[in-house]
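Q: Now for the letters of each chain:
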Amino acid sequence: MTGTALLPQAVLAADKIKLGSILDTSGIFDAYGKPMDMAMRLAVAEINAAGGLLGREVEVVAYDTQSDMALYSQYGQQLTRQDRVDVVHGGILSASREAIRQTMRKTKTLYFYNVLYEGGVCDGNIFINGVTPAQQVAALVPYAMEKSGPKVYILAADYNYGQITARWIQKFVADNGGETVGVDFFPLDVSDFGSTIAKIQTVGPDLVIAPLVGGAHLSFFRQWAAAGMKDRIPLASTTLGVGNEHKVLTPQEGDGIMVAYNYSQELATPANTAFKENWAAAYGDSGMIHEIAVSNYQGLLTWAAAVRQAGSIERQAVIAALESGLSIEGPAGKITIDPKTHHAVLDVHIMEIENQGMRVVKTLPQRQPIDTQLVCDLQANPGDNTQYEIQI
Amino acid sequence: MDLSFVILIEMLYAVSSLILISAGLAVVFGMMKVINLAHGEFMMMGGYATITAVNLGVNIFVAMLVIAPLTVGLIGLIVERLVIRHLYGRLVDTMLATWGLSLFFIGLATMIFGNTTTGISTPIPGFTVGNYQINGYNFFIIVVSVLLLIAMRVVLKSTRAGLIARGAMQQADMAAALGYSPNRIYMATFFCGSALSGLAGAVLAPLVGLVPTSGGAYIAKAFITVIAGGPSLIAGLFSGAGLFGVVSQVFTFTISPVMGEVALLVAAVILLRLLPQGITGKFFKGKL
Numbered sequence: 001m002t003g004t005a006l007l008p009q010a011v012l013a014a015d016k017i018k019l020g021s022i023l024d025t026s027g028i029f030d031a032y033g034k035p036m037d038m039a040m041r042l043a044v045a046e047i048n049a050a051g052g053l054l055g056r057e058v059e060v061v062a063y064d065t066q067s068d069m070a071l072y073s074q075y076g077q078q079l080t081r082q083d084r085v086d087v088v089h090g091g092i093l094s095a096s097r098e099a100i101r102q103t104m105r106k107t108k109t110l111y112f113y114n115v116l117y118e119g120g121v122c123d124g125n126i127f128i129n130g131v132t133p134a135q136q137v138a139a140l141v142p143y144a145m146e147k148s149g150p151k152v153y154i155l156a157a158d159y160n161y162g163q164i165t166a167r168w169i170q171k172f173v174a175d176n177g178g179e180t181v182g183v184d185f186f187p188l189d190v191s192d193f194g195s196t197i198a199k200i201q202t203v204g205p206d207l208v209i210a211p212l213v214g215g216a217h218l219s220f221f222r223q224w225a226a227a228g229m230k231d232r233i234p235l236a237s238t239t240l241g242v243g244n245e246h247k248v249l250t251p252q253e254g255d256g257i258m259v260a261y262n263y264s265q266e267l268a269t270p271a272n273t274a275f276k277e278n279w280a281a282a283y284g285d286s287g288m289i290h291e292i293a294v295s296n297y298q299g300l301l302t303w304a305a306a307v308r309q310a311g312s313i314e315r316q317a318v319i320a321a322l323e324s325g326l327s328i329e330g331p332a333g334k335i336t337i338d339p340k341t342h343h344a345v346l347d348v349h350i351m352e353i354e355n356q357g358m359r360v361v362k363t364l365p366q367r368q369p370i371d372t373q374l375v376c377d378l379q380a381n382p383g384d385n386t387q388y389e390i391q392i
Numbered sequence: 001m002d003l004s005f006v007i008l009i010e011m012l013y014a015v016s017s018l019i020l021i022s023a024g025l026a027v028v029f030g031m032m033k034v035i036n037l038a039h040g041e042f043m044m045m046g047g048y049a050t051i052t053a054v055n056l057g058v059n060i061f062v063a064m065l066v067i068a069p070l071t072v073g074l075i076g077l078i079v080e081r082l083v084i085r086h087l088y089g090r091l092v093d094t095m096l097a098t099w100g101l102s103l104f105f106i107g108l109a110t111m112i113f114g115n116t117t118t119g120i121s122t123p124i125p126g127f128t129v130g131n132y133q134i135n136g137y138n139f140f141i142i143v144v145s146v147l148l149l150i151a152m153r154v155v156l157k158s159t160r161a162g163l164i165a166r167g168a169m170q171q172a173d174m175a176a177a178l179g180y181s182p183n184r185i186y187m188a189t190f191f192c193g194s195a196l197s198g199l200a201g202a203v204l205a206p207l208v209g210l211v212p213t214s215g216g217a218y219i220a221k222a223f224i225t226v227i228a229g230g231p232s233l234i235a236g237l238f239s240g241a242g243l244f245g246v247v248s249q250v251f252t253f254t255i256s257p258v259m260g261e262v263a264l265l266v267a268a269v270i271l272l273r274l275l276p277q278g279i280t281g282k283f284f285k286g287k288l
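In order, the protein sequences belong to chains S and C.
Take the first sequence: its letters are residues 1 to 392, numbered as in this note's numbering.
Take the second sequence: its letters are residues 1 to 288, numbered as in this note's numbering.
Honestly, the hints are just simulated from the structure, not real lab data.
Ideal Cβ positions, reconstructed from N, Cα and C, are used throughout, including at glycine.
A couple of the hints might just be wrong.
For each label pair, taking beta carbons as the anchor points, the in silico distance ranges come out as [said to hold, decoys possible]: (1) G286/C with P187/S: 35 to 41 Å; (2) I255/C with A50/S: 54 to 60 Å; (3) Q77/S with G136/C: 52 to 58 Å; (4) A280/S with A161/C: 55 to 61 Å; (5) R184/C with A280/S: 33 to 39 Å.
Output of the computed footprint for chain S on chain C, the stretches with three or more beta carbons under 8 Å from beta carbons of chain S [claimed, not checked]: (6) 60-66; (7) 91-99; (8) 117-125.
Using the sequences and the accompanying hints, generate a full structural model.
A: This is how it looks when you write it as structure tokens:
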């Protein structure tokens with residue numbers, strides 16, 4: 001440290017800010033990770049083109065974790081101890097986030113996790129700007145129930161995310177005066193939904209909500225349409241389209257499915273139009289953009305805004321700037337950091353899938369992360385380091 | 001009444017899809033004693049062959065029933081010539097080699113098709129039974145698997161080629177002494193087994209979202225069915241698939257999909273404890 005202190009000011013100004021990124025850009029999660037990586041590089045290129053941060057250029061140090069959980073801790077260590085980065089953005093699955101999070105906490109490196117997830121992480125060193133279940137479900141359920149009816153059937157992926165989201169759906173269905181008439185969980189490799197579709201018909205709900213995840217579960221939406229059920233019972237989902245899955249379904253299979261996210265390519269805002277143009281200029285076409293790529297982009301913008309406001313790259317100063325209620329305008333609208341939970345307050349758009357796109361029906365501005373707020377208060381308890389399982 | 005019909009159809013469908021999934025493995029593993037851990041990847045390639053052909057404008061039924069089996073059969077042929085033929089009779093080695101192959105095919109498919117989920121729609125509309133809607137494609141799967149079993153039986157029982165193949169599998173040196181080349185018989189049989197796997201992948205493709213790793217979902221079920229079925233090819237396939245299909249559907253329908261999967265595995269464990277040689281090791285002995 002004394003070495004750098006003795007250097008003349010001009011050399012310091014030329015010193016680059018190092019941004020660490022850890023994503024699965026190959027392997028089975030690359031459909032998520034590749035566009036996230038592209039979004040991150042686009043944001044950095046834009047920041048540098050505008051003169052960098054604090055007069056310094058931002059340099060990316062990126063590692064590809066190849067969809068292998070073991071590599072997350074390894075590259076996390078490498079970024080902090082060897083590359084000595086100033087901030088880390090990355091992680092896709094919840095397991096990868098937990099691996100990175102503890103390393104960053106120990107080494108006092110600021111960490112951003114920019115993915116839709118199950119909620120409940122409470123840690124002063126992390127900032128999260130993905131949508132949590134309550135932010136999304138609280139918007140989706142009333143809309144879908146109003147369009148269909150009070151009896152709801154839930155089909156969810158059988159792991160952390162699906163289980164927690166299913167509980168939130170039940171809560172909001174009850175809060176809206178509805179009734180959950182059935183809940184089924186599916187292991188991630190189940191791709192045969194025939195019996196389930198028959199079972200749903202014996203129960204006869206007004207609405208089916210499906211937080212199903214991954215390629216095998218996509219079969220449900222096909223088989224539902226193939227049985228001719230699509231015109232009989234409406235569908236809503238909290239996951240379909242996050243990795244652009246709706247572009248795989250034909251219009252006959254997908255049209256009319258109700259979803260709610262922070263981002264859609266069809267958002268007709270100047271910020272989104274500009275973002276899509278810049279993306280197309282950098283990568284040729286904008287077809288690969290999806291929800292979590294935009295989250296990653298907005299995470300970068302949030303961090304850059306905080307560094308500018310703090311006038312420093314030093315961790316405590318940046319955290320203080322973020323906690324001051326800082327907000328940015330991203331492609332998906334305004335993002336504000338909630339100082340209590342370090343989660344984002346953001347717009348949620350209710351959409352219907354139409355012709356392999358998502359048509360925005362209604363925008364609910366500035367939704368609070370109410371699920372995490374129930375359990376997490378970093379201002380009262382700054383040393384907290386827990387992922388809470390929220391009791392509903 | 002309507003409901004029992006719907007449940008019956010779902011059970012028949014479950015049995016049929018197990019037969020389809022396992023048919024290729026029954027030939028390669030049951031007959032040829034090659035532990036083919038790349039079986040699921042052969043199915044995955046059948047699915048991609050279908051989707052690619054359909055996207056190029058080929059009729060979907062031609063793509064599923066002709067192009068996919070031929071494509072995967074040819075891939076199987078190449079694999080047999082390059083790798084498998086050096087390993088006949090070495091069970092553990094075939095396992096290692098085909099495991100490597102499965103990784104190779106997953107990587108190859110990811111390079112060619114990317115890692116996003118792809119798929120095509122079912123070509124048959126749904127229809128109504130009383131108050132219920134059924135997936136019309138289920139009937140297609142049932143018909144294909146019935147025809148498949150009949151065709152396998154005819155080929156193995158009533159044609160000279162089938163007789164020679166069965167003979168060579170049992171006693172290769174005797175077949176050689178009678179003037180047939182075991183080398184070529186093995187090659188042809190492996191081609192047929194691969195083509196059957198390709199057909200299964202192709203026929204199931206419109207029901208599922210396909211990714212390069214899709215094969216993993218089939219491999220366990222295929223092995224369980226073939227092993228539980230026992231030494232007889234067709235009777236084993238039919239009884240194994242029949243048992244597990246019905247068990248898993250009953251539990252799926254009455255309790256939950258998770259219990260359906262669990263029940264299938266528990267049934268397999270109990271069955272192999274009682275009948276270590278498989279169903280046809282004790283019953284239907286000596287049947288085809």
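Q: If a hint holds in the structure, say so; if it doesn't, say that too.
A: Quick rundown of the hints versus the structure:
A hinted range of 35 to 41 Å holds for the C-beta pair G286/C and P187/S, which are about 39 Å apart. Look at I255/C against A50/S: about 59 Å separates their beta carbons, and that is inside 54 to 60 Å. Taking the beta carbon of each, Q77/S and G136/C are about 55 Å apart, inside 52 to 58 Å as hinted. Distance hint check: the CB atoms of A280/S and A161/C are about 57 Å apart, consistent with the given range 55 to 61 Å.
Between R184/C and A280/S the CB atoms are about 55 Å apart, so this pair departs from the stated range of 33 to 39 Å. Check result for the region 60-66 of chain C against chain S: violated, 0 residues qualifying (beta carbon to beta carbon below 8 Å, three or more required). A count of 0 residues in the region 91-99 of chain C with a Cβ less than 8 Å from any Cβ of chain S is obtained; the coverage claim is therefore unmet, three being the minimum. Residue count for the region 117-125 of chain C with a Cβ under 8 Å from a Cβ of chain S: 7. That meets the three needed, and the coverage hint holds.
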